[in-house]
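Colleague: What follows is the residue order along each chain.
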Amino acid sequence: AAGMFLRLLSDVRWQAANPKWRRMTGSRRSTSSTAEPHPVALPEQAQVVICGGGIMGTSVAYHLSKMGWKDIVLLEQGRLAAGTTRFSAGIVSTARHMSVELKMADYSNKLYQQLEQETGVSTGYVKTGSISLAQTQDRLISLKRIASSLNVMGIPCEIITPKQVAQLHPLINIHDLVGAMYVPEDALVSPANVSLALATAASRNGVQIHERTSVSHVAVQNGRVTGVETDRGQIRCQYFVNCAGQWAYELGHSGKEPVNIPLHACEHFYLLTHPLKEPLASDLPTVVDPDGRIYIRNWQGGILSGGFEKNPKPLFTEGRNQLEIHNLQEDWDHFEPLLSALLRRMPDLEALQIMQLVNCPESFTPDMRCIMGESPTVRGYFVLAGMNSAGISYGGGAGKYLAEWMVNGYPSENVWPLDLKRFGALQSSRTFLRHRVMEVMPLMYDLKVPRWDFQTGRQLRTSPLYDRLDAQGARWMEKHGFERVKYFVPPGKDLLDLDQSKTFYKPDWFDIVGSEVKCCKEAVCVIDMSSFTKFEISSTGDQALESLQYLFSNDLDVPVGHVVHTGMLNEKGGYENDCSIARLSKRSFFMISPTDQQVHCWAWLKNRLPDDSNLTMEDVTWKYTALNLIGPRAVDVLSELSYAPITPDHFPSLFCKEMSVGYANGIRVMSITHTGEPGFMLYIPIEYALHVYNEVMNMGQKYGIRNAGYYALRSLRIEKFFAFWGQDLDAFTTPMECGREFQVKLEKGMEFIGQETLLEQKQNGVYKRFTMFILEDHDTDMDLWPWWGEPIFRNGRYVGKTTSSAYSYTLERHVCLGFVQHFDEKTGEELVVTTDFVNQGEYEIDIAGQRFQAKAKLYPFSSLFTHRRRKDEMELSGYQGE
Amino acid sequence: FYLTPPQVNSILKANEYSFKVPEFDGKNVSSVLGFDSNQLPANAPIEDRRSAATCLQTRGMLLGVFDGHAGCACAQAVSERLFYYIAVSLLPHETLLEIENAVESGRALLPILQWHKHPNDYFSKEASKLYFSSLRTYWQELIDLNSGETTDVKEALINAFKRLDNDISLEAQVGDPNSFLNYLVLRVAFSGATACVAHVDGVDLHVANTGDSRAMLGVQEEDGSWSAVNLSYDHNAQNEREVKRVKTEHPKSEEKSLVKQDRLLGLLMPFRAFGDVKFKWSIELQKRVIESGPDQLNANEYTKFIPPNYHTPPYLTAEPEVIHHKLRPQDKFLVLATDGLWETMHRQDVARIVGEYLTGVHHQQPIAVGGYKVTLGQMHGLLAERRARISSVFEDQNAATHLIRHAVGNNEFGTVDHERLSKMLSLPEELARMYRDDITIIVVQFNSHVIGACQNEE
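The listed protein sequences derive, respectively, from chains S and P. The opening residue of the first sequence carries number 1 in full-length UniProt numbering; numbering runs sequentially from there. The opening residue of the second sequence carries number 1 in full-length UniProt numbering; numbering runs sequentially from there.
Be aware that a few hints might be false.
Said to hold, decoys possible - Lysine-lysine pairs mimicking DSBU-like chemistry, simulated, CA-CA at most 35 Å apart: (1) P:K326 to P:K13; (2) S:K623 to S:K313; (3) S:K572 to S:K310; (4) P:K125 to P:K162; (5) S:K506 to S:K163; (6) P:K13 to S:K313; (7) S:K313 to P:K125; (8) S:K163 to S:K277; (9) S:K623 to S:K110; (10) S:K493 to P:K13; (11) S:K657 to S:K623; (12) S:K313 to P:K20; (13) P:K13 to S:K310; (14) P:K154 to S:K310; (15) P:K20 to S:K493; (16) S:K127 to P:K373; (17) S:K310 to P:K326; (18) P:K373 to S:K277.
Stated by the list, open to error - Beta-carbon label-pair distances, calculated as ranges: (19) P:Q397 to S:V178: 55 to 61 Å; (20) S:N173 to P:V374: 56 to 62 Å; (21) S:N173 to P:K20: 44 to 50 Å; (22) S:M98 to P:N9: 45 to 51 Å; (23) P:D295 to S:P491: 58 to 64 Å; (24) S:Q853 to P:V374: 56 to 62 Å; (25) S:N173 to P:N9: 47 to 53 Å; (26) P:K20 to S:N311: 22 to 28 Å; (27) P:Y435 to S:N311: 39 to 45 Å; (28) P:E104 to S:G492: 46 to 52 Å; (29) P:Q397 to S:N311: 33 to 39 Å; (30) P:Q397 to S:G301: 45 to 51 Å; (31) P:L110 to S:P491: 35 to 41 Å.
Claimed, not checked - Not the full set, but computed from the structure, chain P residues with beta-carbon under 10 Å of chain S: (32) C55; (33) L56; (34) K373; (35) T375; (36) L376; (37) M379; (38) R386; (39) R387; (40) M434.
Calculated directly from the structure, the hints in this document are not laboratory data. Quantities reported herein were computed from a predicted structural model and do not represent experimental measurements. Here a beta-carbon is modelled for each residue, glycine too, at the ideal position from N, C-alpha and C.
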């Protein structure tokens with residue numbers, strides 16, 4: 001049956017292939033015996049070896065060869081497009097929540113549309129459009145948010161009524177619908193054929209394709225890829241691309257130098273039927289019914305319908321090698337809820353005859369986002385895998401970005417949300433992955449609400465204070481495996497159940513966080529911020545200073561005891577990282593970065609620091625517990641505990657001192673709080689953590705001390721217009737664009753990375769400006785809350801998107817941060833954004849289709865800084881992370 | 001009148017209890033994973049009792065079911081007291097001394113048993129002092145006897161059974177100045193109870209049985225199927241050996257009158273039991289105790305009635321038969337149940353139903369469409385039906401409850417018929433006893449890994 005299925009789903013046209021490739025496929029046809037001779041020998045050497053002949057591998061090969069790289073070998077252990085790709089449902093859908101995913105899908109759609117013409121291989125491309133149904137108002141809000149994003153990107157899309165749904169699709173039961181989203185340009189393809197078309201084009205461009213060749217492991221020397229070992233011999237190469245799909249994890253671990261690719265397979269089921277009496281038109285829109293957890297597309301006059309059930313079945317946890325994915329067992333009992341949902345949505349299908357229930361494993365990742373990029377440990381080792389059931393939608397765009405990454409050093413879009421380096425070894429436990437993907441797969445169709453936290457794979461990394469804080473009512477979120485407090489529920493107060501607390505409106509913790517913010521403003525709060533990434537860099541001579549001066553944009557040659565906020569920029573002046581660096585001594589530096597920078601920043605520095613045994617870098621994240629003492633009374637608490645003068649004269653802002661707190665000595669105290677409020681960060685060797693915490697809490701009592709969480713911190717930093725990396729700042733944002741010129745020392749006497757771009761921007765201006773928006777006519781109690789990714793309109797024209805938002809308890813208004821661009825009204829060309837351009841405009845923020853007036857500001861409110869200490873030096877930093 | 005499924009469930013689950021042996025460091029050191037127990041009354045009040053406890057001063061776990069007759073007083077007393085007698089019988093000399101010294105000097109006593117009780121399983125507060133002093137006398141005698149030999153479990157079980165029955169008898173003869181207690185000890189002695197008790201320690205399983213409750217081992221065969229192994233002999237007229245035993249203990253002249261209508265002296269179903277002094281004491285003793293006893297006792301026709309052909313008492317004993325079994329990895333569970341279960345279900349069915357429940361295998365063939373013509377609607381109907389069938393299994397979180405559901409609700413095809421179940425459970429009190437007996441079940445689940453490991457060590 002499986003063989004027949006391949007023919008049905010993919011109308012393979014081998015004759016279109018180039019001669020070199022045809023010889024092999026010819027022999028493939030002749031016999032399936034393993035003794036079959038391989039007509040083409042493997043080359044001894046290639047620039048790039050790609051492992052995996054699915055949609056990802058062929059797309060990378062296609063794009064690399066288009067960009068001019070010709071010396072490429074693609075290896076496939078079975079046959080091309082024989083894995084997950086072959087069984088994919090073939091839906092190309094642009095309805096995505098994340099901007100980069102949306103762009104990938106849009107590019108894929110456009111690529112596939114012209115692929116048949118380009119290659120002569122039939123791809124089965126049909127523009128059908130898609131309808132996403134909403135059974136609830138919340139679902140409709142979620143769809144409206146996507147619609148807003150699609151519209152500003154120029155992708156046609158509209159919110160339609162149930163009646164209009166009935167007009168678009170004759171079979172849909174609309175009685176339980178409140179609305180829907182229609183995306184007319186979404187399409188269907190034959191996935192295997194798209195893959196074969198990409199392979200054909202790549203092959204014509206010189207890419208060598210070898211089927212029935214398995215990679216056993218990748219050879220690495222001095223942290224670089226040197227070649228691959230296959231069952232047919234060795235190939236030397238500079239670049240290796242792991243596109244092995246659900247086997248990518250195993251392949252990553254097969255070498256001596258493991259590459260962690262955290263993904264795990266789950267079974268995925270869909271149903272194929274015989275044609276209807278009156279066969280369905282091939283351009284009938286695809287239907288997605290997320291509340292019913294199903295999708296339905298037309299297929300050969302009948303339907304193809306699958307879904308993402310609540311109780312997924314993970315598989316291959318122990319890893320299992322097999323050449324091709326054979327059709328796994330049909331499990332009708334497991335499919336029953338989805339079948340019920342299908343018949344509820346389309347009752348007329350009752351009499352339709354079943355052809356097959358297909359079971360095809362798909363790979364899922366810990367955060368439902370795909371994995372791309374270069375390994376942090378092995379240079380030249382690239383990965384593209386973990387598509388979370390959207391491989392066809394992303395295939396074109398993801399392949400393009402990875403190819404750009406390899407050829408240019410960085411893709412043309414900010415892909416940090418997809419970067420392999422957002423993960424480390426800590427996400428690579430098989431147990432973790434198994435548990436997490438069981439949560440991720442149902443999430444595909446769950447409602448995506450703001451501030452959502454994963455429930456599985458938790459309590460992995462914790463502060464030594466975890467139990468103490470938990471006992472005091474802490475509610476937790478997780479970042480990079482680390483548990484962090486969101487807020488503290490006061491005793492006797494109960495919040496809603498997890499499910500009920502999901503809302504696009506004012507959340508149930510509103511007043512709780514409000515009182516924490518108030519305490520930060522008026523008294524003093526403690527926030528455990530131990531999750532921050534901490535490195536120590538030191539040397540015997542001046543090597544540390546010299547290297548860091550080159551790697552960071554601010555001047556680090558400051559007196560010992562000073563703290564410097566600085567960007568770690570790339571060649572284009574964009575933020576690779578945003579950190580605070582304390583000069584501990586002439587020759588050693590203490591560097592604090594966002595939590596999820598642990599892998600990325602380490603790799604970035606490792607690759608750029610000189611190979612000098614007198615220069616050492618150590619990850620000391622686990623050695624310190626970090627307490628943030630925020631508020632005007634922080635100084636009183638600290639001075640009582642240390643018997644040291646902490647007045648601004650002795651301890652000015654942006655200072656770092658080792659001192660004693662209580663009985664504990666050697667506590668690293670810095671006069672920064674990451675919020676703009678007065679206070680201190682205490683870096684405490686972990687064995688003292690409990691002691692110092694207890695002392696602070698006891699001493700703080702008379703000053704009204706209380707615990708606070710990250711939600712309070714976020715509200716504080718956003719109302720102070722502090723950007724943070726990973727949310728507001730990314731590799732495509734320079735300090736000039738976000739008002740941080742003062743953190744750059746262009747004339748520090750030596751060259752640093754990104755300097756040229758910054759100089760150029762200083763002269764010619766910038767093309768986007770980080771701006772703060774205060775919502776004017778927004779009712780906090782009644783209106784939808786902003787989140788991030790909301791389109792910004794200036795004088796009615798789209799100028800950019802928000803990157804983060806929070807309610808400011810001081811302003812009693814919502815504050816959104818985002819970037820303003822200037823597009824030429826006629827040509828759409830990007831123009832320089834001037835201060836006048838930003839200031840002279842009427843702004844609106846679009847929240848799920850509803851526009852709210854907003855006031856734009858390029859500089860923070862000075863009146864908010866009521867408790868500012870000492871001189872007007874602004875402490876600016878922002879990497880609280882969310 | 002018809003009970004809805006939730007109503008049926010609330011009746012069935014009212015007395016269910018589960019205990020899981022806690023795991024230490026992820027390594028379960030006990031050969032017992034835990035147990036499920038439940039009881040369904042037919043008498044009002046129920047005359048069955050159950051007990052479970054972990055021995056704290058020696059190793060092992062004790063579990064027992066007790067079926068009372070002529071009232072529940074004896075079953076209640078046995079369920080409270082027997083495990084203490086067993087535990088004390090198992091204690092080494094030094095521990096006994098330690099305990100005695102503690103009592104003597106008024107220090108805190110070492111705990112002997114950790115009970116695992118359902119809230120409805122009560123202990124009588126009023127009698128605790130009396131029971132304790134009898135128990136203390138027992139261990140004082142054990143200390144004096146100090147044989148110096150290690151305690152044999154089988155012997156300990158037999159001694160404990162006999163001693164407790166003896167104490168019940170003595171307490172009734174001596175009486176108590178407190179009139180409430182006096183009446184209580186008499187009711188205990190004049191009513192009766194059978195007992196089926198298991199002691200599990202590592203791979204050593206001992207079952208001591210007195211009467212017609214039964215212990216059954218569930219064994220999983222290599223092909224995955226389930227079979228039953230009896231670990232007790234019923235002491236009733238169906239057991240030829242037992243009939244023979246009774247006959248040899250009395251003169252030939254009584255042979256005809258000893259067992260009539262399958263009952264002892266034509267009256268009593270079980271051939272061994274606790275209490276039941278009417279079958280143990282001499283006629284003179286019975287008369288004397290009843291006359292000097294409280295009025296309520298005198299007014300009771302049953303107690304005053306002397307069995308016919310009563311010539312050479314005692315006719316009844318509480319001495320148990322003990323079976324020792326070495327647990328093997330294929331021994332998955334033990335079912336202890338009063339005759340209420342065994343009257344309605346064959347042991348083979350019990351083994352299968354519990355086995356499949358515990359392993360979660362419901363032998364439902366997966367569906368394959370293959371080449372057949374099936375429509376979506378047909379498939380949908382088929383799947384809904386299958387789900388309904390499975391959900392009856394998932395309704396129960398307790399193996400004993402699941403077994404009771406089958407025992408009461410099974411139709412001729414061996415599947416639970418909700419209508420029948422509903423009828424049986426809604427019978428009025430006075431009718432219930434005619435259609436079913438009290439049912440008490442304990443299902444003990446074994447840890448095959450631990451048992452396998454113990455075997456390898458030996």
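Colleague: Please go over all the hints and tell whether each is borne out by the structure.
Modeller: Verification of the supplied hints:
Among the hinted pairs, K326 (chain P) with K13 (chain P) is consistent with the structure: their alpha-carbon atoms are about 33 Å apart, no more than 35 Å. Restraint check for K623 (chain S) and K313 (chain S): not satisfied, since their Cα atoms lie roughly 39 Å apart, outside the 35 Å limit. A C-alpha spacing of about 44 Å is found between K572 (chain S) and K310 (chain S), which places the hinted pair above 35 Å, so the restraint is violated. Our distance criterion of 35 Å between C-alpha atoms is met by K125 (chain P) and K162 (chain P), whose separation comes to about 24 Å.
Using a Cα cut-off of 35 Å, the hinted pair K506 (chain S) and K163 (chain S) holds, with the two alpha carbons roughly 31 Å apart. Proximity of K13 (chain P) to K313 (chain S) is assessed by CA-CA distance (about 32 Å); at most 35 Å being required, the pair is judged to hold. Between the alpha carbons of K313 (chain S) and K125 (chain P) the distance comes to roughly 53 Å, so the proposed pair goes past 35 Å and is violated. The suggested pairing of K163 (chain S) with K277 (chain S) holds, with an alpha-carbon distance near 25 Å, which does not exceed 35 Å.
Restraint check: the Cα-Cα separation between K623 (chain S) and K110 (chain S) comes to about 50 Å, which exceeds 35 Å; the hinted pair is violated. Distance restraint check for K493 (chain S) and K13 (chain P): the Cα-Cα separation of roughly 34 Å lies within the 35 Å cut-off, and the hinted pair is therefore satisfied. Straight-line distance between C-alpha atoms of K657 (chain S) and K623 (chain S) comes to about 18 Å, which keeps the hinted pair within the 35 Å bound. Of the supplied pair hints, the one linking K313 (chain S) and K20 (chain P) holds, its CA atoms being roughly 28 Å apart against a limit of 35 Å.
Restraint check for K13 (chain P) and K310 (chain S): satisfied, since their Cα atoms lie roughly 29 Å apart, inside the 35 Å limit. Annotation: proposed proximity of K154 (chain P) to K310 (chain S) is violated, straight-line Cα distance about 53 Å (limit 35 Å). With a C-alpha separation of about 34 Å, the suggested pairing of K20 (chain P) with K493 (chain S) holds against the 35 Å cut-off. With a C-alpha separation of about 32 Å, the suggested pair K127 (chain S) and K373 (chain P) falls inside the 35 Å cut-off, and the hint holds.
Of the pairs offered as hints, the one joining K310 (chain S) and K326 (chain P) is violated, with about 44 Å between alpha carbons and a cut-off of 35 Å exceeded. Under the criterion of a C-alpha separation no larger than 35 Å, the hint pairing K373 (chain P) with K277 (chain S) is consistent with the structure, at around 15 Å. The hinted range of 55 to 61 Å is not satisfied by Q397 (chain P) and V178 (chain S), whose Cβ atoms lie roughly 38 Å apart. Distance hint check for N173 (chain S) and V374 (chain P): the Cβ-Cβ separation is about 22 Å, which falls outside the suggested range of 56 to 62 Å.
The hinted range of 44 to 50 Å is satisfied by N173 (chain S) and K20 (chain P), whose Cβ atoms lie roughly 47 Å apart. As the Cβ distance of M98 (chain S) to N9 (chain P) is approximately 46 Å, the hint placing it in 45 to 51 Å holds. For D295 (chain P) and P491 (chain S), the Cβ-Cβ distance of about 60 Å falls inside the hinted range of 58 to 64 Å, so the restraint holds. Between Q853 (chain S) and V374 (chain P) the C-beta distance comes to about 59 Å, which sits within the given range of 56 to 62 Å.
Range check, N173 (chain S) to N9 (chain P): about 34 Å between beta-carbon atoms, so the 47 to 53 Å window is missed. Against the hinted window of 22 to 28 Å, the Cβ-Cβ separation of K20 (chain P) and N311 (chain S) comes to about 24 Å, which satisfies the hint. For the pair Y435 (chain P) and N311 (chain S), the beta carbons lie near 41 Å from each other, so the given range of 39 to 45 Å is met. A hinted range of 46 to 52 Å for the beta carbons of E104 (chain P) and G492 (chain S) is consistent with their spacing of about 50 Å.
For the pair Q397 (chain P) and N311 (chain S), the supplied restraint of 33 to 39 Å is violated, since their beta-carbon distance comes to about 19 Å. Between Q397 (chain P) and G301 (chain S) the beta carbon distance is about 48 Å. The supplied range of 45 to 51 Å therefore holds. As the Cβ distance of L110 (chain P) to P491 (chain S) is approximately 40 Å, the hint placing it in 35 to 41 Å holds. The interface hint given for C55 (chain P) is broken, as the beta carbon of that residue sits about 35 Å from the closest beta carbon of chain S, more than 10 Å.
Violation of the interface hint for L56 (chain P) is found here, the shortest Cβ-Cβ separation to chain S being roughly 30 Å, above the 10 Å cut-off. Given hint, K373 (chain P) at the interface with chain S, holds; its Cβ is 6 Å from that chain's nearest Cβ, closer than 10 Å. Because the closest C-beta pair between T375 (chain P) and chain S is about 5 Å apart, less than 10 Å, the hint holds. Of the supplied interface hints, the one on L376 (chain P) holds, with its beta-carbon coming within about 5 Å of a beta-carbon of chain S, less than 10 Å.
Proximity of M379 (chain P) to chain S holds as hinted, the smallest CB-CB distance being about 6 Å (cut-off 10 Å). Given the 10 Å rule on beta carbons, the hint for R386 (chain P) holds: about 6 Å separates it from the nearest Cβ of chain S. Hint status for R387 (chain P): holds, given a least beta-carbon distance of 6 Å to chain S, under 10 Å. The interface hint given for M434 (chain P) is violated, since its Cβ lies 42 Å from the closest Cβ of chain S, which is over the 10 Å cut-off.
Going down the numbered hints, you'll see the structure goes against 2, 3, 7, 9, 14, 17, 19, 20, 25, 29, 32, 33, 40, while the others check out.
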